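The chain contents come next:
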Amino acid sequence: MKSDVKLFENGRRLDGRKPDELRKIKIEVGVLHRAEGSCYLEWGNNKILAAVYGPREAIPRHTQNPLRAIVNARYNMAAFSVDERKRPGPDRRSREISKVISEALENVILVEKFPRATIDVNIEVLDAEAGTRCAGLTAAAVALVDAGIPMRDIPVACAAGKIEDQVVLDLGKEEDNYGSADLPVAISPRTNEILLLQMDGHLTVEEFDKALDLAIKGCHIVSEFQKKAILEKYRHIPKEVG
Amino acid sequence: MGVEKREIVIPGQFLDDIKRNKPGRGTFVENGKIYAEVLGVLNKNAGYINVVPLKGRYDPVENDLVIGVVLEAMSSSWLVDINAAYPAFLHVNEVPWDIEFGETEKYLNHGDTIMAKVLQVDMEKRVQLTLNDRNLYKIKGGHLIEVEPSRVPRVIGKKGSMISLLKKYTRCRIFVGQNGRIWVDGNDEGVEKVIYVIKMIEREALSYGLTNRVEVLLKKDAKDVR
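Top line first, the protein sequences correspond to chains Y and R.
The first sequence runs 1 to 242 under the working numbering.
The second sequence runs 243 to 468 under the working numbering.
If you are wondering where the hints come from, they were derived from the structure by calculation, not from laboratory data.
All of these numbers come straight from a predicted model, not from anything done at the bench.
Do not rely on the hints blindly, as some may be mistaken.
[Stated by the list, open to error] From the derived model, a few chain Y residues whose C-beta atoms are all more than 12 Å from chain R:
1) GLY30
2) GLU36
3) ARG56
4) GLN64
5) GLU103
6) ILE149
7) ASP153
8) ILE154
9) VAL205
10) ILE230
[Said to hold, decoys possible] Cβ pair distances, simulated, as ranges:
11) LEU231(Y) with LYS382(R): 38 to 48 Å
12) GLY274(R) with LYS228(Y): 47 to 57 Å
13) GLU366(R) with LYS228(Y): 54 to 64 Å
14) GLU249(R) with GLU57(Y): 50 to 60 Å
15) ASN192(Y) with VAL271(R): 38 to 48 Å
[To be verified] No farther apart than 27 Å at their CA atoms in a straight line, the calculated lysine-lysine pairs in the DSS-like style are these:
16) LYS233(Y) with LYS441(R)
17) LYS264(R) with LYS113(Y)
18) LYS286(R) with LYS113(Y)
19) LYS228(Y) with LYS367(R)
20) LYS264(R) with LYS227(Y)
21) LYS113(Y) with LYS462(R)
22) LYS228(Y) with LYS348(R)
23) LYS86(Y) with LYS217(Y)
24) LYS286(R) with LYS233(Y)
25) LYS462(R) with LYS400(R)
26) LYS297(R) with LYS233(Y)
27) LYS275(R) with LYS217(Y)
28) LYS233(Y) with LYS367(R)
29) LYS173(Y) with LYS217(Y)
30) LYS297(R) with LYS26(Y)
31) LYS462(R) with LYS227(Y)
32) LYS113(Y) with LYS380(R)
33) LYS359(R) with LYS113(Y)
The beta carbon of each residue, even a glycine, is placed where N, CA and C say it ideally should be.
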């Protein structure tokens with residue numbers, strides 16, 4: 001989409017970031033009382049709540065897999081999360097995102113350990129500002145760890161994109177609306193295995209490679225935030241008396 | 243006592259090389275390296291690296307004694323919630339009573355609590371319970387407390403040291419199920435104290451010298467102890 005909005009000024013972006021700079025990230029672990037695991041995440045102006053329930057027996061019975069657990073992520077945007085009120089309930093976009101996140105998480109969770117079970121992950125977007133699927137997956141991963149679910153790794157997601165012929169990391173709202181490409185990527189940071197890769201817009205092969213590298217670099221930065229948040233919550237050991 | 247610190251590990255964290263240590267519970271091996279699979283506490287024991295989980299559901303193991311809550315009475319069996327990922331089955335053949343077909347509700351009904359033993363867990367994690375063993379029965383009265391299943395060993399203590407301490411100072415009857423459910427019965431004061439101490443144990447399970455601290459706490463206001 002071409003427009004008159006100027007996305008770059010003196011090598012700085014609209015919100016003053018450098019091309020390879022992330023928005024501010026804040027992660028809180030274990031915020032919900034009734035969920036087995038939960039996470040509240042702020043990524044720029046994205047505000048996301050993720051909750052994990054299970055493993056528990058999958059209902060209805062025909063959805064069960066006798067050999068492994070199914071992962072059932074549900075991405076939902078609150079009606080008030082965007083400027084113009086969003087019609088509540090699942091739509092085509094949120095169903096797609098739910099599906100790709102479920103599949104990404106399935107690849108790191110040790111699903112063979114829980115035959116016939118389901119692991120439900122609810123991702124609620126309270127405030128949206130571009131890159132909610134990445135933020136949602138990142139929050140869901142932390143909530144899964146908090147729930148004590150065995151995993152091969154803590155997955156993490158981050159997007160890269162192209163604005164005004166330049167490849168940049170972690171698109172903001174205007175950049176997403178008026179930029180020319182968006183590339184959300186989720187990886188398993190230990191092995192650099194790609195769990196999710198989508199693209200919206202056009203990139204040349206060189207730009208794509210560059211954007212992918214940049215996104216993976218971003219993922220590793222976000223991964224450190226995740227690990228720090230989890231350890232922060234659980235590292236506290238009461239002092240010994242006497 | 244507390245020489246080394248207990249280390250918290252997160253999923254996917256590299257622990258050691260397979261050549262130096264053997265992978266134990268809560269770990270997995272990839273390319274000859276051992277990684278943690280759950281959020282937990284690192285524990286090295288007899289050449290094995292284990293990760294003791296901090297949270298998570300109870301994983302049923304055969305011969306475990308558990309406390310279950312009946313969910314549903316069916317014509318020849320009951321469905322029992324044992325705090326695991328799946329409800330467990332209790333068949334009429336596995337109870338000490340003679341039951342006519344379709345009269346299961348007369349003996350156990352929705353909401354009843356039982357002490358049971360895990361009879362069998364199959365590959366698909368279908369769990370069978372039994373009441374045909376010593377000291378297994380339907381629970382009447384008392385209080386039920388829930389703790390994280392991974393904290394149960396701490397509540398029991400080394401060779402039952404913690405639990406006998408609690409029994410001695412509060413004069414309550416206590417039964418700890420492996421699934422993290424604890425049944426307490428006694429006078430109100432005692433029960434209150436047991437609940438307080440168990441919550442404290444759960445909170446401070448990772449610290450050292452906990453048994454001593456609990457003893458100090460219990461001694462403070464218990465004078466009539468033999």
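For each hint, the structure was consulted:
Interface exclusion of GLY30(Y) from chain R breaks down, the closest Cβ pair being 9 Å apart, not more than 12 Å. Listed as a non-interface residue, GLU36(Y) fails to keep its Cβ farther than 12 Å from every Cβ of chain R; the least gap is roughly 7 Å. The claim that ARG56(Y) is not at the interface with chain R is violated, since a C-beta of that chain comes within 12 Å of its own (minimum 6 Å). Here GLN64(Y) does not stay apart from chain R, with its beta-carbon only about 9 Å from theirs, under the 12 Å limit.
Consistency note on GLU103(Y): stated as away from chain R, and its beta-carbon is indeed over 12 Å from all of that chain's, at 18 Å minimum. Distance check on ILE149(Y): its Cβ comes as close as 7 Å (rounded) to a Cβ of chain R, failing to clear the 12 Å threshold; non-interface status is violated. The non-interface label for ASP153(Y) is inconsistent with chain R: the shortest C-beta to C-beta separation is roughly 4 Å, within 12 Å. With a minimum CB-CB distance of about 6 Å to chain R, ILE154(Y) fails to clear the 12 Å threshold, and the non-interface call is violated.
Under the 12 Å C-beta cut-off, the non-interface status given to VAL205(Y) relative to chain R holds; the minimum distance is some 31 Å. Distance check on ILE230(Y): its Cβ comes as close as 6 Å (rounded) to a Cβ of chain R, failing to clear the 12 Å threshold; non-interface status is violated. At about 45 Å, the beta-carbon gap between LEU231(Y) and LYS382(R) stays in the expected band of 38 to 48 Å. A beta carbon spacing of about 28 Å between GLY274(R) and LYS228(Y) contradicts the range 47 to 57 Å that was offered as a hint.
The given range of 54 to 64 Å is broken by GLU366(R) and LYS228(Y), whose C-beta atoms sit roughly 39 Å from each other. Taking 50 to 60 Å as the suggested C-beta distance range, the pair GLU249(R) and GLU57(Y) does not conform, at roughly 34 Å. Taking the beta carbon of each, ASN192(Y) and VAL271(R) are about 19 Å apart, not inside 38 to 48 Å as hinted. Simply put, LYS233(Y) and LYS441(R) have alpha-carbon atoms about 18 Å apart, close enough for the 27 Å limit, and the pair holds.
For the proposed pair LYS264(R) and LYS113(Y), the alpha carbon gap of about 20 Å is at most 27 Å, so the pair holds. Of the supplied pair hints, the one linking LYS286(R) and LYS113(Y) holds, its CA atoms being roughly 23 Å apart against a limit of 27 Å. Of the pairs offered as hints, the one joining LYS228(Y) and LYS367(R) is violated, with about 35 Å between alpha carbons and a cut-off of 27 Å exceeded. A threshold of 27 Å between alpha carbons decides the hint, and for LYS264(R) with LYS227(Y) the separation of about 25 Å falls inside it, so the pair holds.
A threshold of 27 Å between alpha carbons decides the hint, and for LYS113(Y) with LYS462(R) the separation of about 46 Å lies outside it, so the pair is violated. A C-alpha spacing of about 54 Å is found between LYS228(Y) and LYS348(R), which places the hinted pair above 27 Å, so the restraint is violated. This hinted pair does not check out: LYS86(Y) and LYS217(Y) have alpha carbons roughly 33 Å apart, beyond 27 Å. Distance restraint check for LYS286(R) and LYS233(Y): the Cα-Cα separation of roughly 23 Å lies within the 27 Å cut-off, and the hinted pair is therefore satisfied.
A threshold of 27 Å between alpha carbons decides the hint, and for LYS462(R) with LYS400(R) the separation of about 23 Å falls inside it, so the pair holds. Among the hinted pairs, LYS297(R) with LYS233(Y) is consistent with the structure: their alpha-carbon atoms are about 13 Å apart, no more than 27 Å. Distance check on the hinted pair: LYS275(R) and LYS217(Y) sit about 24 Å apart at the alpha-carbon level, within 27 Å; holds. Pair hint LYS233(Y) plus LYS367(R) does not hold up; C-alpha atoms about 32 Å apart against a cutoff of 27 Å.
Our distance criterion of 27 Å between C-alpha atoms is met by LYS173(Y) and LYS217(Y), whose separation comes to about 21 Å. Note on LYS297(R) and LYS26(Y): the hinted pairing holds, with a Cα-Cα distance of about 23 Å set against a maximum of 27 Å. The straight-line distance between the Cα atoms of LYS462(R) and LYS227(Y) is roughly 41 Å, outside the 27 Å bound, and the hint therefore fails. At most 27 Å may separate the alpha-carbon atoms for a hinted pair to count; LYS113(Y) and LYS380(R) exceed this at roughly 31 Å.
A C-alpha spacing of about 22 Å is found between LYS359(R) and LYS113(Y), which places the hinted pair at or below 27 Å, so the restraint holds.
Taken one by one, the earlier hints fail for this structure at numbers 1, 2, 3, 4, 6, 7, 8, 10, 12, 13, 14, 15, 19, 21, 22, 23, 28, 31 and 32, listed in ascending order.
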